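Using the sequences and the accompanying hints, generate a full structural model.
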Amino acid sequence: MMKRGWVTPVILGILALVLPFTISSYYQHILILVIIWITMSSAWNLLGGFAGQVSFGHALFFGLGAYGGGLLYQHWEISTWWGMIVGPVWAAVIAIPLGLITFRLRGPYFALSMLAMCEIARIIFTNWVPFSGGAVGVMISRTWGGEKLPYYFIILAICAVTLGVVALMRYSKLGYYFLSIREDQDAAEALGIPTTKYKMYALIPSAFFTGLAGAFYMNYMAYIEPRVVFNLEAISIMMILTVMLGGAGTLWGPVLGATVYVILAEVFRTVPGVKEVHVLVFALIVILIIMFLPDGILGEWDKIKRIFIKPKQAM
Amino acid sequence: MNYFALKNVVRRFGGLVAVSNISATIEEGEIFGLIGPNGSGKTTIFNCINNYYPANSGEIIFKSVPIERMSTHKICEMGIGRTFQVVKPLKRLTVLENVMSGAFLRTNKVRVARDKAMKAIDFCQLTERKDLRAKDLPIADKKRMEVARALATEPSLLLLDETAAGLNLKEIETMMEVVKKIRDSGITCIIVEHVMKFIMGISDRVMCINFGQEIATGKPEEIAAHPEVIKAYLGEEYVTDR
Amino acid sequence: MPRPVGGQLHSSRGGIKKTMEFFLESLIEGLLLGGIYAIVAVGMTLIMGVMKIINLAHGAIMVVAMYICYALFVTLGLNPYIGIFVAMPMLFGIGYLLQRYSIRRVTEVITVLPETQVLLTLAIGMALIEIMRFIFTSNYQTVPVPGVSGKALYLGEISMNVPMIIGFVVAIVFIMGLHLFITRTDLGKSIRATAQDPDAAKYMGVNTRNVTCLTFAIGSMLAAAGACLLLPAYYLFPDVGHAFTLKAFIVTILGGMGSTVGALSGGLVLGVAESLGASYWQMGYKDVIGFVIFVLVLLFLPGGLKTVIGR
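Chains as they are written, first to last, in our numbering: chain A, 133 to 447; chain B, 14 to 255; chain C, 724 to 1034.
Calculated directly from the structure, the hints in this document are not laboratory data.
Note that the coordinates shown come from a computational prediction; the quantities given were computed from them, not determined experimentally.
Check the hints yourself; a few may be wrong.
As the list claims (entries may be wrong) - Reference excerpt, derived from the structure (chain B facing chain A, CB under 8 Å, subset only):
| hint | residue |
| --- | --- |
| 1 | Leu118 |
| 2 | Asn121 |
| 3 | Arg162 |
| 4 | Met189 |
Yeah, the Cβ is synthetic: ideal placement off N, Cα and C, and Gly gets one too.
Structure follows, in structure tokens:
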């Protein structure tokens, strides 16, 4: 996919650089959310879509990333921008012992033990008040007030780096090994692949970039609380569903899925009446996708093309 | 110095003793056949050799190093490759990508891995199929791909588990040629087989087992005529000219 | 998961008697809670054992049942202990349909992401919960059953929450009923056969497609029963479904997949552990106990308690 279709990414890139100048502050905010979600979904996809280790608890790293800056500010009044380093780093560091424990488990048990880990973290951050500030969370004043553009370009850079790293890994030895582990872990071992080591090589960047997104979130939203940043449904599960929708194990699947999700959420948020219908609609879409296009939109692209090309040929 | 030796290997599953005190020594460069009726423990032995699960007792020695407690990937690194009785293709990857996954054991560079993989693919006569997805291959090609993949790890000992099962006569002959080429290139092979034409036509020595125990070991002609073997198998003599 | 509404917890003020009473009260509360955890989990363990799928829609099914009872209570004044007999068949039907037309289709498919089926049940659960939220809003509801809710029975100085007692008793009855059903009836045997070896079961003439649908239906029905038993004692709001699913899952893993005895012992162990934890440590950390047990069991006793008990 490197050689063909480089036109689309270039167009998207130009669009990403130019678009924010042409739209209002509200739409800039939406765009920032899209980019945050693209970053998170791509990071998850590295571990889940490429290495086949489906984690139901990635909000753990998001929350740790966010609280990296949050705690710095809370305890020592240090700017949360330092959290952009501390957050992802300590998320990645914590991922190491976590992975060593949970990678002993396979499939759904791995998935749910990650969920358990995230919930444990959420409960600790909610209840251990002297450490985290408790359920009330951390609030700061925004560096650039209501101005969105500087935030936008920061997260855009983060996203670009994330996508770049994922692509590099995908087309290197690491990528081949990840896919082998995903397709058949036992066969991979018999080919001399130290599977636990390579799962860690997927987990650590995955945790790092998710944490980076979280750290950015802290600085952008200027307010975090455990219930939000360690959230199971809105973050952990959503990361999975966005990747599934777009196509797990592809480079652009998470981009597509994240974009659809954020836009859908906003469209429904503005519809008068029930505010959380977007979750219902998204869940229904995911159900249909799993039943009929289980590898996601980009994963099933051949199948989709065939549906549209056949009628043309008949004419 | 033994190249490869099994010493009193035992493997139990609960109350069932699947492999009972099996011992064998294998010379470098030979093709060693392992035959026995269904369920006699052949694949179990393979699984113990590469530690898919460990032997309960006994020793397995490769190039003077005991490997019975080594992890599977280290065993492969040391130079033992294997194919599986029920093929394990990396389904969504192409043939080339499958074989490259093996080649990466000996290199970190994508280009080098690709070259090594292409060599193995050509060796196994799969060149035209290299860009097909593994899941779309017919069984014979899947088996040859598995052999190519194991070869790409540059083993010095190759364990081939029923590579001829499910193949028609023509495919069996192709496979036999491939295995002979493997031996000629200096790789030692242990072959588990049911297809007598294959194993008797290729092996230097053969061991027959039943119920996890050794019945007889020797040259193919001797084994084919051995009364115990015939008894275990309701005998086939299928010694072809080599 | 919120604590039961009603019932009391005396604090320890020194003295062996008070300490013992405090302990016993926590213990009993834990056992009662455990019984209800058990019936919540028994449906899930059945589904996991037979169909080898992890049903993350379990909690959502419970919430649907609870809202049905709630709606009946609010519109018709129907006591939830009777409403349970309306909710159970309804969820039997819903469960059957879900399995028949949705979940079953995804069993055979091989996808990039290995956990597609689990994710499907997750998405179904989310959808159900959101539908409930749409109809009933996110507000916390209670179903105060006259003469039952908020009442406590006293054994000396030890108080026991009445709705929990009723729940516990009914739960035990249902679990025993299920156990008899699974072991004594033909359908039960077909279910166990399908659980052990679906292909062999097919050869023996078992309609495995029907069996899996019925199993899911029965599992949903039991989840509904457990939910309605909890209704007089808990707050009802859409998101409580997620907490139920997690609890059910922890108990299922703790007790061992596919084992009714396991679900019962797992439920009791979890209930007691949480209750003691809440009393002696801090209430907020109560749920951590479950998760820690979960991870420990997965790592060190993967078959669950049933391997220790021997069933």
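| field | Restraint satisfaction for B:Leu118 [CB to CB of chain A, less than 8 Å] | value | holds, 4 Å
| said: For the restraint on B:Arg162, tell me whether the closest CB of chain A is nearer than 8 Å. | reply: holds, 7 Å
| said: Would the hint on B:Met189 be counted as holding, given a Cβ-Cβ threshold of 8 Å to chain A? | reply: Given a least distance of 23 Å, the restraint on B:Met189 is violated.
| request: Tell me if B:Asn121 is really an interface residue toward chain A, meaning its C-beta lies closer than 8 Å to one of theirs. | output: holds, 5 Å
Hint violations for this structure: number 4 only, all remaining hints satisfied.
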